[in-house]
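Each chain, written out:
Protein chains: 2
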Amino acid sequence: MPAPPVAVVGLGQLGGSLAAALVAGGRQVAGWDVDPAARAAAAARGVSITRELGGVVVLAVPLPAMAGALEGLTVDPDATITDLGSVKAPVLGALGATYGGRFVGGHPMCGTERSGHGATDPALFAGARWALCLEPGTELPRWLRVAEVALAVGAEVVPVTAAEHDDAVAAVSHVSHLLAAALAAAAGEAGPTALALAAGSFRDGTRVAGSDPAFVTAMVEGNAGPTAAALDRVRAQLGRPWPELVAAGHAVATRPVARETVRVPVDRAALLALGRQGGAVTRRLAAFVEGWVPARG
Amino acid sequence: MPAPPVAVVGLGQLGGSLAAALVAGGRQVAGWDVDPAARAAAAARGVSITRELGGVVVLAVPLPAMAGALEGLTVDPDATITDLGSVKAPVLGALGATYGGRFVGGHPMCGTERSGHGATDPALFAGARWALCLEPGTELPRWLRVAEVALAVGAEVVPVTAAEHDDAVAAVSHVSHLLAAALAAAAGEAGPTALALAAGSFRDGTRVAGSDPAFVTAMVEGNAGPTAAALDRVRAQLGRPWPELVAAGHAVATRPVARETVRVPVDRAALLALGRQGGAVTRRLAAFVEGWVPARG
Numbered sequence: 030m031p032a033p034p035v036a037v038v039g040l041g042q043l044g045g046s047l048a049a050a051l052v053a054g055g056r057q058v059a060g061w062d063v064d065p066a067a068r069a070a071a072a073a074r075g076v077s078i079t080r081e082l083g084g085v086v087v088l089a090v091p092l093p094a095m096a097g098a099l100e101g102l103t104v105d106p107d108a109t110i111t112d113l114g115s116v117k118a119p120v121l122g123a124l125g126a127t128y129g130g131r132f133v134g135g136h137p138m139c140g141t142e143r144s145g146h147g148a149t150d151p152a153l154f155a156g157a158r159w160a161l162c163l164e165p166g167t168e169l170p171r172w173l174r175v176a177e178v179a180l181a182v183g184a185e186v187v188p189v190t191a192a193e194h195d196d197a198v199a200a201v202s203h204v205s206h207l208l209a210a211a212l213a214a215a216a217g218e219a220g221p222t223a224l225a226l227a228a229g230s231f232r233d234g235t236r237v238a239g240s241d242p243a244f245v246t247a248m249v250e251g252n253a254g255p256t257a258a259a260l261d262r263v264r265a266q267l268g269r270p271w272p273e274l275v276a277a278g279h280a281v282a283t284r285p286v287a288r289e290t291v292r293v294p295v296d297r298a299a300l301l302a303l304g305r306q307g308g309a310v311t312r313r314l315a316a317f318v319e320g321w322v323p324a325r326g
Numbered sequence: 030m031p032a033p034p035v036a037v038v039g040l041g042q043l044g045g046s047l048a049a050a051l052v053a054g055g056r057q058v059a060g061w062d063v064d065p066a067a068r069a070a071a072a073a074r075g076v077s078i079t080r081e082l083g084g085v086v087v088l089a090v091p092l093p094a095m096a097g098a099l100e101g102l103t104v105d106p107d108a109t110i111t112d113l114g115s116v117k118a119p120v121l122g123a124l125g126a127t128y129g130g131r132f133v134g135g136h137p138m139c140g141t142e143r144s145g146h147g148a149t150d151p152a153l154f155a156g157a158r159w160a161l162c163l164e165p166g167t168e169l170p171r172w173l174r175v176a177e178v179a180l181a182v183g184a185e186v187v188p189v190t191a192a193e194h195d196d197a198v199a200a201v202s203h204v205s206h207l208l209a210a211a212l213a214a215a216a217g218e219a220g221p222t223a224l225a226l227a228a229g230s231f232r233d234g235t236r237v238a239g240s241d242p243a244f245v246t247a248m249v250e251g252n253a254g255p256t257a258a259a260l261d262r263v264r265a266q267l268g269r270p271w272p273e274l275v276a277a278g279h280a281v282a283t284r285p286v287a288r289e290t291v292r293v294p295v296d297r298a299a300l301l302a303l304g305r306q307g308g309a310v311t312r313r314l315a316a317f318v319e320g321w322v323p324a325r326g
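Protein sequence lines correspond, in order, to chains W and U. Using my numbering, the first residue of the first sequence is number 30, and each one after it goes up by one. Using my numbering, the first residue of the second sequence is number 30, and each one after it goes up by one.
This is chain W alone, in the form it adopts within the complex (with noise of 0.2 Å):
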């Protein structure tokens, strides 16, 4: 099966990164942005600018932006419709309406704290996880065309429902985002000595308050519920005594990181089972897929 046309909506810096990826593997990319810049940076790495999308259409727009990403452009009615956005319960919500079974939600594990098209990278999925939606409606061969895609520019996919997903994120991302905010701002009131004598923990533990507050608001707004649960389990965590505290905090941090190479068929249960062992695929095969799963101790 040759591989599908992708076009991108949205060319900042996960919609441009990946573009340029595709790009440079030589795959066609076509692509749209509303931003005259974006449109003319994507141009000059390769990218055809066109409103006619077709094939694999990843919509690489701000949350706020989701619903509304395809207004005034021409999407071929057979495409496959995946986004980039960092929750996926509401854009199932928003989207799968819509598309129904045509839709597979996604979320690449990377980006900096920059933003825009001027911070693309094209190196920026290589290693990534990438989270991709198998709902009971997603239709089983565009799940397929949309990893593919993620494989070919170096990520990894984890295969999981829009709630898995959406839990597991608030718990490694949204809440990390709230924790630094608050370690910042907390900060701030005990004044400019403290400030003064900031080192690297405090600059590790408060970099990601530096991203962009109205990004990172919609991304816990949008995700709210599952945030407030993470946050009340980091919360009953600060309430522990500090020595069992300190350990328990050491003994993920610290969790050995060896993988076992496995063999998955092609087939929803099995896919979704990879991604709750905290697995995830790296290769399609014929009737199956090669990943990984944690390896047990």
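Warning: the hint list may mix true and false statements.
Part of the chain W face toward chain U, derived, beta carbon under 7 Å [unchecked claim]:
1) T127
2) G183
3) V187
4) E193
5) S205
6) L208
7) A210
8) A223
9) L226
10) A227
11) T246
12) L274
13) G278
14) A298
15) A302
To give an idea of the chain U side of the interface with chain W (calculated C-beta under 7 Å), a few residues [stated by the list, open to error]:
16) L224
17) T246
18) Q306
19) L314
In case anyone wonders, no lab produced these hints; they're calculated from the structure. Where is the CB? At the ideal position from N, CA and C, for every residue including glycine.
Dock chain U against the given chain W, drawing on the hints supplied.
Chain U in isolation, oriented as in the chain W frame:
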């Protein structure tokens, strides 16, 4: 005034790095460590291994070992004693009682999650802030002697009281370690998919959770009061509406870092005022020190 000799007790990451940096600058450095391997590593870098210590005696041992660090060693009765411990009021209580105005508490804000003499790096202090305690009883000429050692290895000296230091580092360092542990432990509870999707914000937010748990526990328990107060401030921040919290954190994390160069008389009150503005000493002149304060917007 010729630079006084320096003797370093404890030749692990911090002490070994300090000794190596001073040797690299052409200074005579004596040193001792209870571990023969650490002594041998320091000797190979040009440190004179001896139990007879004078000049500026730097205690670079873990907090629980601080009070007994000089047992079995001979210390010149005119020596100035300083330390590199991460809390200052308890160390002042223990060593100030023995050494009075000859004791000058210190804390260089550097070091990594690595430890031991294998992690020695003579560049460790370059550009780091080094808190140096100026209590009502501290002899000012001794404070200047220790400050000169810190400046000699490229650090910037922040004049503080022990209490001010402990409040400040609780806010920027000790609470950072507890938040990192809580974030990691809560993600561990969330399960394998969450850990599989962990990316940049989680890695940054949990980096210090990889530090030796015994070291971290001693650090936070050794500064329990200020750390509990700083943690309460973080908890209060976490209770704010998210858009407010994110905006407040962003404002602190992206505050301008412009500096105004200042000259401050060598005077207890003037030096402490410099530290309270978030400033630091960068150079010793005759009756003045040169330093900087954050530029007013």
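Hint check results:
1. Hint status for T127(W) relative to chain U: violated, with the closest Cβ pair at about 26 Å, above 7 Å.
2. Evaluation of the G183(W) hint against chain U yields a violated restraint, the C-beta minimum of about 14 Å exceeding 7 Å.
3. Given hint, V187(W) at the interface with chain U, holds; its Cβ is 6 Å from that chain's nearest Cβ, closer than 7 Å.
4. At its closest, the beta carbon of E193(W) sits 6 Å from a beta carbon of chain U; the interface hint therefore holds under the 7 Å criterion.
5. At a threshold of 7 Å, the smallest CB-CB gap from S205(W) to chain U is about 4 Å, leaving the interface hint in force.
6. Against a cut-off of 7 Å between C-beta atoms, the interface hint on L208(W) holds, since the closest Cβ of chain U lies about 5 Å away.
7. Hint status for A210(W): holds, given a least beta-carbon distance of 3 Å to chain U, under 7 Å.
8. Annotation: interface hint on A223(W) holds; nearest CB of chain U at approximately 4 Å, less than 7 Å.
9. Checking L226(W) against chain U: minimum C-beta separation of about 5 Å stays under 7 Å; hint holds.
10. With its C-beta approaching chain U no nearer than about 4 Å, A227(W) sits inside the 7 Å limit, and its interface hint holds.
11. Of the supplied interface hints, the one on T246(W) holds, with its beta-carbon coming within about 5 Å of a beta-carbon of chain U, less than 7 Å.
12. Because the beta carbon of L274(W) sits about 5 Å from the nearest beta carbon in chain U, less than 7 Å, this interface hint is met.
13. For the restraint placing G278(W) at the interface with chain U, the shortest Cβ-Cβ distance is roughly 3 Å, inside the 7 Å limit, so the hint holds.
14. Taking 7 Å as the C-beta cut-off, the interface hint given for A298(W) is violated, the closest approach to chain U being about 15 Å.
15. The restraint placing A302(W) at the interface with chain U is violated, with a minimum CB-CB distance near 11 Å, outside the 7 Å limit.
16. Below 7 Å, beta-carbon pairs count as interface contacts, and L224(U) has one with chain W at about 6 Å; its hint therefore holds.
17. Interface hint at T246(U): satisfied, since its Cβ lies 5 Å from the closest Cβ of chain W, which is below the 7 Å cut-off.
18. Interface hint at Q306(U): satisfied, since its Cβ lies 6 Å from the closest Cβ of chain W, which is below the 7 Å cut-off.
19. Interface hint status for L314(U): violated, as the beta-carbon distance to the closest one in chain W is roughly 21 Å, over 7 Å.
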